[in-house]
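Enquirer: Below, each chain spelled out in residue letters.
Protein chains: 2
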Amino acid sequence: MKSFPDLDNCCQDVLAEQLNHWSLANGLVMYPPNFETYSTCAAPVTLYPTPFPKTSFVKALDVQDSFNELYAKVSSDVDWLSSVMDELIALDKDFTGKLWNIYLKAEKIGLCQPILLGLVRSDYMIDSDSMIKQIEFNAISVSFCGLSPKVSNLHKFLNKSGYYTSSGSEYYNDESELPSTESADKMADGLAEAAKLYNSQEHTSDSLVLFVVQPKERNVFDQRAIEYSLLSNHDIKSKRIVFNEIQNYVKVDPLSKKLFYMPTNEEVSVVYYRSGYGPNDYPTETEWESRLILETSKAIKCPTLLFQLSGAKKIQQLLTNKVLIEKYLSNEKIEKITDTFVNIYPLDSSEEGIKGQTLAFQSPQNYVLKPQREGGGNNIYKDDIPGFLKKLSKDQWNAYILMDLIHPPTYKNTIIRNAKLYNEDVVSELGIFGTIIWNSETKKIISNKAADYLLRSKFSSSNEGGVAAGFGCVDSLYLFQ
Amino acid sequence: MKSFPDLDNCCQDVLAEQLNHWSLANGLVMYPPNFETYSTCAAPVTLYPTPFPKTSFVKALDVQDSFNELYAKVSSDVDWLSSVMDELIALDKDFTGKLWNIYLKAEKIGLCQPILLGLVRSDYMIDSDSMIKQIEFNAISVSFCGLSPKVSNLHKFLNKSGYYTSSGSEYYNDESELPSTESADKMADGLAEAAKLYNSQEHTSDSLVLFVVQPKERNVFDQRAIEYSLLSNHDIKSKRIVFNEIQNYVKVDPLSKKLFYMPTNEEVSVVYYRSGYGPNDYPTETEWESRLILETSKAIKCPTLLFQLSGAKKIQQLLTNKVLIEKYLSNEKIEKITDTFVNIYPLDSSEEGIKGQTLAFQSPQNYVLKPQREGGGNNIYKDDIPGFLKKLSKDQWNAYILMDLIHPPTYKNTIIRNAKLYNEDVVSELGIFGTIIWNSETKKIISNKAADYLLRSKFSSSNEGGVAAGFGCVDSLYLFQ
Chain A
5 MKSFPDLDNC CQDVLAEQLN HWSLANGLVM YPPNFETYST CAAPVTLYPT
55 PFPKTSFVKA LDVQDSFNEL YAKVSSDVDW LSSVMDELIA LDKDFTGKLW
105 NIYLKAEKIG LCQPILLGLV RSDYMIDSDS MIKQIEFNAI SVSFCGLSPK
155 VSNLHKFLNK SGYYTSSGSE YYNDESELPS TESADKMADG LAEAAKLYNS
205 QEHTSDSLVL FVVQPKERNV FDQRAIEYSL LSNHDIKSKR IVFNEIQNYV
255 KVDPLSKKLF YMPTNEEVSV VYYRSGYGPN DYPTETEWES RLILETSKAI
305 KCPTLLFQLS GAKKIQQLLT NKVLIEKYLS NEKIEKITDT FVNIYPLDSS
355 EEGIKGQTLA FQSPQNYVLK PQREGGGNNI YKDDIPGFLK KLSKDQWNAY
405 ILMDLIHPPT YKNTIIRNAK LYNEDVVSEL GIFGTIIWNS ETKKIISNKA
455 ADYLLRSKFS SSNEGGVAAG FGCVDSLYLF Q
Chain B
5 MKSFPDLDNC CQDVLAEQLN HWSLANGLVM YPPNFETYST CAAPVTLYPT
55 PFPKTSFVKA LDVQDSFNEL YAKVSSDVDW LSSVMDELIA LDKDFTGKLW
105 NIYLKAEKIG LCQPILLGLV RSDYMIDSDS MIKQIEFNAI SVSFCGLSPK
155 VSNLHKFLNK SGYYTSSGSE YYNDESELPS TESADKMADG LAEAAKLYNS
205 QEHTSDSLVL FVVQPKERNV FDQRAIEYSL LSNHDIKSKR IVFNEIQNYV
255 KVDPLSKKLF YMPTNEEVSV VYYRSGYGPN DYPTETEWES RLILETSKAI
305 KCPTLLFQLS GAKKIQQLLT NKVLIEKYLS NEKIEKITDT FVNIYPLDSS
355 EEGIKGQTLA FQSPQNYVLK PQREGGGNNI YKDDIPGFLK KLSKDQWNAY
405 ILMDLIHPPT YKNTIIRNAK LYNEDVVSEL GIFGTIIWNS ETKKIISNKA
455 ADYLLRSKFS SSNEGGVAAG FGCVDSLYLF Q
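Residue numbers (the numbering used here), protein chains in the order written: chain A, 5 to 485; chain B, 5 to 485.
Since the hints were derived computationally from the structure, they do not count as laboratory data.
Where hints are given, some of them may not hold.
If chains are identical, the list can't say which one is meant, so a pair holds when it fits in one copy or spans any two.
In silico SDA-like pairs for lysine to any residue, Cα to Cα no more than 20 Å straight-line [stated by the list, open to error]:
hint : residue 1 : residue 2
1    : 58        : 157
2    : 63        : 433
3    : 58        : 181
4    : 164       : 239
5    : 424       : 41
6    : 164       : 267
7    : 220       : 43
8    : 220       : 20
9    : 220       : 15
10   : 386       : 140
11   : 164       : 196
12   : 160       : 237
13   : 447       : 116
14   : 160       : 236
15   : 164       : 193
16   : 109       : 84
Everything numeric in this text was worked out from a predicted model, so none of it was measured.
My request is simple: use the sequences and hints to build the entire structure.
Expert: Structure, rendered in structure tokens:
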């Protein structure tokens, strides 16, 4: 591995200006808090690509289609989901419980679209022995596939321009060490494939993809990259609706169950959620009703309620059981997948749960405590765990799982936010995007692909990694042997 | 011609949000006043492409290489330039005079690079009879070749997405009516061709293009588009230096006269001026010295002092004389060129000058009064002309020329600035970019091309059209038969 390009302050300032200009000229941007629609800021990124073992990267790409397949199959194993759902609902009544409830209602009304689309991301960290270890599998509303290619192109530009060397005239990285990521195009390809499948099923040609989004989304440019790719590469139009305004903008034909976007009376082929993944997206009953309306329409959902539910942390914990996944995957795939697992313990009264409780108090420094819900941002780390658990009543412990803490290598890098440079050690999390189209009736895979990568880095001193939340930033890979 | 897409307020608001997102996601941006490096704004543009007669557009593209040739040849007819320069200097001692002075000094020291590169733009308005009439020929530092393709792509996107029709699902324009402009790439091609010529002359391979820029440039993203194209399409690196810091960053080898960028010790193949075109760029003697240093180096200049001087308005006025340009061009080319001329009068004591003086007071409503200097922004229109001239002493009149005012058609459009929409009639100015490489020793053209277009529009009620100055905006063409 090459040594870190330790530039002096002057070279770093030149580099930072180059970086800001490139970001703003190429849409590597994010709205600041309290933004005006016409003005934006460069997204927080690292100045340099971060080292990552090539073999680990190849492994992460290689296992993606197995994870896609696993979660697609789990999502249509309704019997099994039902059997564990009682437990999940008991743990997280207000959100997981309501999601399941809406599913049951939808099922009663009638689900008329067997095809589901998953646009997913599996997140990993490198453990001390260069093994990739899965942090989580995200089954809904995964972000940064739009910005990730731009960060990679930014770093390639800076490298090619010579700004990474103090001589200013040489490459720091060989171009072969900086893998491309076409995640925006590949995720758009997934949407396009589903839309075309719908069109051919329904004998229509001019449908659109509906992006269901959050109000005042700051990360809108990440989503827009997918929309622009859809239109330019596939001639497929998209519309955006804020989740809580859905019912003002769509209607379902009562006979055909087709979904229409009312302002233009266009048919919706795919409903793509970039909202609806956490309880905050459902402030009133209206949003739950909206979800039900969309779920029971003929449009292909990305994802369905069951696919979203399959991404729950509790399910992830249950799926670490090899016996369980033998139902779904071939041995070869199971081996690949289980290689990426860390130990996950419940905190309930089961044998495993008792073990988890003991470990949480005996050696909390080896663990992270995670809530069952999607979304992140509420993890409890190491020595904070015992105090946190003590404040809860014991029957509340069930809402959390205890996971082996991964000890990723740290590397020197520099994070730039609002033109301020932070020279610190960082740790990185690799995300592999994936797309899967699955027929839940015939239980057949129609399409199953890895869709390139995301790298996020954060100060090694900080525990949380959410980019939008202000703790981390988007990065790209420098692969070493 | 299609009728104007008169959308209601609600549709226009949706359109404006689409537009702002696209602009910020694709670098169609400009720094606001008092900017921070990491934050920018959508550039002022029209919501819709503006109608323009297709035959007029074709004519403007067709005549470009003749104009390129004419000005290249004028710039190396030193005898003729000398013969008229006395007159120019008398008119504009402080700027044109000093430019010429520096040229004379440079000539004495020795000019060692016969090749010149012109990146130019010829600006036109449509007159009442759909004829294109030249407003001016810009021989230095022409702007907006970087942003123009983005505006065109923005309008194509909005059209293709259906946002121009109130039904929201149809195209307003056929795609064939919206011509593409690749002006950023084509201007970069010009720089690249000159750089490669230099490299082969000097048996070097790793030279760079030096962008000489203004401090705190708000329109930097326009320039960056050229730089990014240079690197990605031609593997040619560029560096930017603020004009008044040149001497801290470059040195000339006293023997070879080669120019070097000191921080990286790289050889400079082409000096590209995006500064140095007006007196404000030369606040001290240092800038004049810098210009001399660059002019006498071996780097190819874009443009040379003589090429810049050839773009003076006075020269433009003299070149309306058919007899004069017979020296330079074939009859066929002369005819094409003179078709685009309007009457231009001096205000001196010559026969033509007396006529100009009379017209300025008798029928000022038909004229615009322009200073001889490059840069624009100081024109006097119509009935303001007599009062303006009266305030000057008569010997100062010489510093201006009087031009036929063109009466362009007005079209409905909407200008968007900082999310505010202005529904007004606009008038438009078409710019055709061009690139020429010329050997002033052998008097041979090495390369001569048109490089696509720019359309700028302004309220028909406003006289000035500078986009950066806040009066106008960047637009794109809707060609009609």
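Enquirer: Which earlier hints turn out false for this structure, listed by number in ascending order?
Expert: none
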